[in-house]
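Asker: 0 is the number of the first residue of the sequence shown in numbering that gives the first Met the number 0; add one for each residue after it.
In short, the hints are calculated from the structure, not lab data. Any given hint could turn out to be false.
Said to hold, decoys possible - Dumping the calculated DMTMM-like pairs for lysine to aspartate or glutamate here, alpha-carbon to alpha-carbon at most 20 Å:
| # | residue 1 | residue 2 |
| --- | --- | --- |
| 1 | K172 | D126 |
| 2 | K466 | E416 |
| 3 | K67 | D78 |
| 4 | K172 | D195 |
| 5 | K557 | E416 |
| 6 | K557 | E589 |
| 7 | K74 | D256 |
| 8 | K196 | D126 |
| 9 | K74 | E84 |
| 10 | K196 | D217 |
| 11 | K74 | D171 |
| 12 | K172 | D134 |
| 13 | K557 | D584 |
| 14 | K557 | D426 |
| 15 | K196 | E102 |
| 16 | K466 | D544 |
| 17 | K593 | D558 |
| 18 | K172 | D206 |
| 19 | K74 | E63 |
| 20 | K593 | D544 |
| 21 | K593 | E568 |
| 22 | K196 | E98 |
| 23 | K172 | E84 |
| 24 | K172 | D78 |
| 25 | K466 | E513 |
| 26 | K557 | E510 |
| 27 | K196 | D171 |
| 28 | K466 | E448 |
| 29 | K466 | D444 |
| 30 | K67 | D217 |
| 31 | K557 | E513 |
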Amino acid sequence: MDFTKSNGDFAVLRSFLSITSAFTGFFTRRLRHQIVIPYLVLATVLAMVGTYLLVNSTNQSLHERFNKQLLDAAKGASDSLAQSEVQQIAGLRAMIYTEGFSEALSGGNRNKLSQLAAPQALNYGFDRVVVVSSDAVPLVVLPQQPGQNSAVVPTALTSLANAALHPFGTLDKVSALVSTSDGSFFYTAGPVRSGDKTVGAVLVGTDIARLLRQVERDSLSDGAVFYGRAGAPVDEALTVAKSPQSITPLPANWYDDIVANPQAPVRFRTLSLPDGTYLEALGIVQGRGMSNQPPGVYGVMLSTRALDSRLQDNLGLLLLVFGFALVAIIVTGGLLATWIDRPVNQLVAASRQVAIGNLDISVSTARRDELGVLAMRFNDMVDGLRQLLFVKDLFGRFVSPEVSARLLGGQVELGGEQRTVTILFSDLREFTRLSEEHSAHEIVDLLNEYFRIIIHAARQNGGIVNKFGGDSTLIVFGAPMDMADHADRALATAIAMRNGLAALNAHRSLEGWEVLRQGIGINTGPVIAGQVGSEDRMEYTVIGDAVNLASRLQAMTKDLPGCDIVFSEATHAAIVDPSNFNFSDQGLVEVRGKQQEVHIYALLGSAPEVEALPIGAKSGVLAGKSGGSRVAPAMRRR
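Given only the sequences and the hints, what does the whole structure look like? Please build it.
Answerer: Written as structure tokens, this is what we have:
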């Protein structure tokens, strides 16, 4: 035995096993490698097969729909031409049977013929009318072109006039596409008889360009064209290519084949125009032409750009291929997941505990792959949920949602801060007696309606309803949100409350309630704004002498006849634009608890624009347009 060779073979085997072990270790090191690599191979194969099948199917479907659209356009064009011929025949008959027309034609009375033919030509919208005598001598050409001799019929119309004067068989109406020096027209001609004698003929025509534009609109196509007997385009109306030279003539024998087989399927051809590629459908023009053949051949075309665009738009269907690949990947993944889904199951079980509210849970983070990272992030998420619940419970103790929002944004100092604000204090008059005269349920309903008025007025002007005290209310302007015009907003709120109470009284008086009255005191000054309370219950509020004075001013409205809203000199000084409000100077008054007299004012009204100030409005917005002015000062009170 050759041990040297044997040892070499073992060395090769060990190297192969080492490489295989290293590759396997790398393959199983990260979750991405465990899943993506085998899936990617399978997905690529399935995507290639699915894409090939889908592209073929999509292309075939779109081409079939495009061909059907072109056939519909050809049918629409045929119907439009038939309708045009019917209209021309109707107008032709109306002209022929006009009273006195055949007599004027027999006598060669050109003026009379013009007078009789012109209204019918205008009524039916004809672009050309030619009246000839029985020997094809022109009598009338309408409209007569400048410098045109009405006694001369264009040579191209002579054959059509003779065909009308000498009809073939029983059909006495003849149509033709005729090009003259002044344009191309689609004519219909018919004889005029007086008894059994043919005394002349009438030819009525429509401008081909106008007719083709109508065909283009009726057929919903991108262009239309007429072809003469040589297969050359007579005229065309294309959306993007207007020049006649841009349309190539029909191939040899196509015209004759189409005319000879009117019942044959529509014939197609491809046109390469400067604007792009078009597919054209060809058919015969409706009507009996000269020599008992159709007047000509028409074509309607559609741009293939629409087809190309639809092919691109339908590329989204390729997602189906990836859907098929995804199904295969999921099936294969199910087999692989049997030995890698244990940590996933742990995460699922832990997430179920979190879903039912158990946040005292964590998962193992021993793995070093993506699942290990996911486990660590899950534990971080649970910690974040614990903190979120704590914060939610903390801010749930605050009454005002505006305050909570400011606190969550870090814009309010939890320990309290000094601010200059405007305080509005309101109270219902004789509420105690009212409570004794009505049931508790009725009183609660009344207060709810009243407080809705207050809350709406405050929020309209950016005020914070700080607290309710039975039938009294404390509203703060300027805290916790900064407001340069807090005094103006407080006065606007007071007026809105007055108007709202008036509406409430009007409603309640119909139910037998007596008129409710309120007193409102407004003061501006420095306060301490922050949280007060205990660990179990905290409240955001404002504290200071300015609050007390607002309460005292509210109580003074009882002793001031006709004054339901009173504000202090400090509030008056803080008003951004006093011209917005009507108020009277009440002079100096003694206030309980104050050593010095207080200068007060009674608020009478305001401009309509300031009764509901938008939050964040600047002083310029407050300028009223009604020209509100201050009332002359009243007698000073001491």
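Asker: All the hints need checking, so say for each whether the structure fits it.
Answerer: Each hint, compared with the structure:
1. For the given pair, K172 sits about 18 Å from D126 by alpha-carbon distance, which is consistent with the 20 Å threshold.
2. Distance check on the hinted pair: K466 and E416 sit about 19 Å apart at the alpha-carbon level, within 20 Å; holds.
3. For a cut-off of 20 Å, the pair hint linking K67 to D78 stands: about 16 Å separates their Cα positions.
4. For the suggested pair K172 and D195, the alpha carbons sit about 17 Å apart, so the restraint of at most 20 Å is met.
5. As the CA atoms of K557 and E416 are separated by approximately 34 Å, the hinted pair breaks the 20 Å bound.
6. Taken as a hint, the K557 and E589 pair is honoured in the structure, with Cα atoms around 14 Å apart against an allowance of 20 Å.
7. For the hint pairing K74 with D256, the CA-to-CA distance comes to about 19 Å; that is within 20 Å, so the pair holds.
8. Taking the CA atoms of K196 and D126, the gap is about 28 Å. The hint is violated against a cut of 20 Å.
9. Under the criterion of a C-alpha separation no larger than 20 Å, the hint pairing K74 with E84 is consistent with the structure, at around 15 Å.
10. The hinted pair formed by K196 and D217 fails the criterion: a straight-line CA distance of about 40 Å is larger than 20 Å.
11. Simply put, K74 and D171 have alpha-carbon atoms about 26 Å apart, too far for the 20 Å limit, and the pair is violated.
12. For the proposed pair K172 and D134, the alpha carbon gap of about 18 Å is at most 20 Å, so the pair holds.
13. Between K557 and D584, the direct Cα distance comes to roughly 17 Å. Compliance with the 20 Å bound is thereby established for this hinted pair.
14. At roughly 11 Å between alpha-carbon atoms, K557 and D426 fall within 20 Å of each other, so this suggested pair holds.
15. Taken as a hint, the K196 and E102 pair is honoured in the structure, with Cα atoms around 12 Å apart against an allowance of 20 Å.
16. Distance restraint check for K466 and D544: the Cα-Cα separation of roughly 17 Å lies within the 20 Å cut-off, and the hinted pair is therefore satisfied.
17. Restraint check: the Cα-Cα separation between K593 and D558 comes to about 17 Å, which is no more than 20 Å; the hinted pair holds.
18. A C-alpha spacing of about 19 Å is found between K172 and D206, which places the hinted pair at or below 20 Å, so the restraint holds.
19. For the hint pairing K74 with E63, the CA-to-CA distance comes to about 17 Å; that is within 20 Å, so the pair holds.
20. Distance hint between K593 and D544 is fulfilled; the C-alpha atoms sit about 10 Å from each other, no more than 20 Å.
21. For a cut-off of 20 Å, the pair hint linking K593 to E568 stands: about 14 Å separates their Cα positions.
22. Between the alpha carbons of K196 and E98 the distance comes to roughly 17 Å, so the proposed pair stays at or under 20 Å and holds.
23. Straight-line distance between C-alpha atoms of K172 and E84 comes to about 10 Å, which keeps the hinted pair within the 20 Å bound.
24. A hinted pair counts as satisfied when its Cα atoms are at most 20 Å apart, and K172 with D78 qualifies at roughly 19 Å.
25. Using a Cα cut-off of 20 Å, the hinted pair K466 and E513 is violated, with the two alpha carbons roughly 26 Å apart.
26. The straight-line distance between the Cα atoms of K557 and E510 is roughly 26 Å, outside the 20 Å bound, and the hint therefore fails.
27. Restraint check: the Cα-Cα separation between K196 and D171 comes to about 14 Å, which is no more than 20 Å; the hinted pair holds.
28. For the proposed pair K466 and E448, the alpha carbon gap of about 16 Å is at most 20 Å, so the pair holds.
29. A C-alpha spacing of about 19 Å is found between K466 and D444, which places the hinted pair at or below 20 Å, so the restraint holds.
30. At roughly 16 Å between alpha-carbon atoms, K67 and D217 fall within 20 Å of each other, so this suggested pair holds.
31. Only pairs whose Cα atoms come within 20 Å are accepted, and K557 paired with E513 is accepted, the gap being roughly 18 Å.
Checked against the numbered hints given earlier, this structure breaks hints 5, 8, 10, 11, 25, 26; the rest are met.
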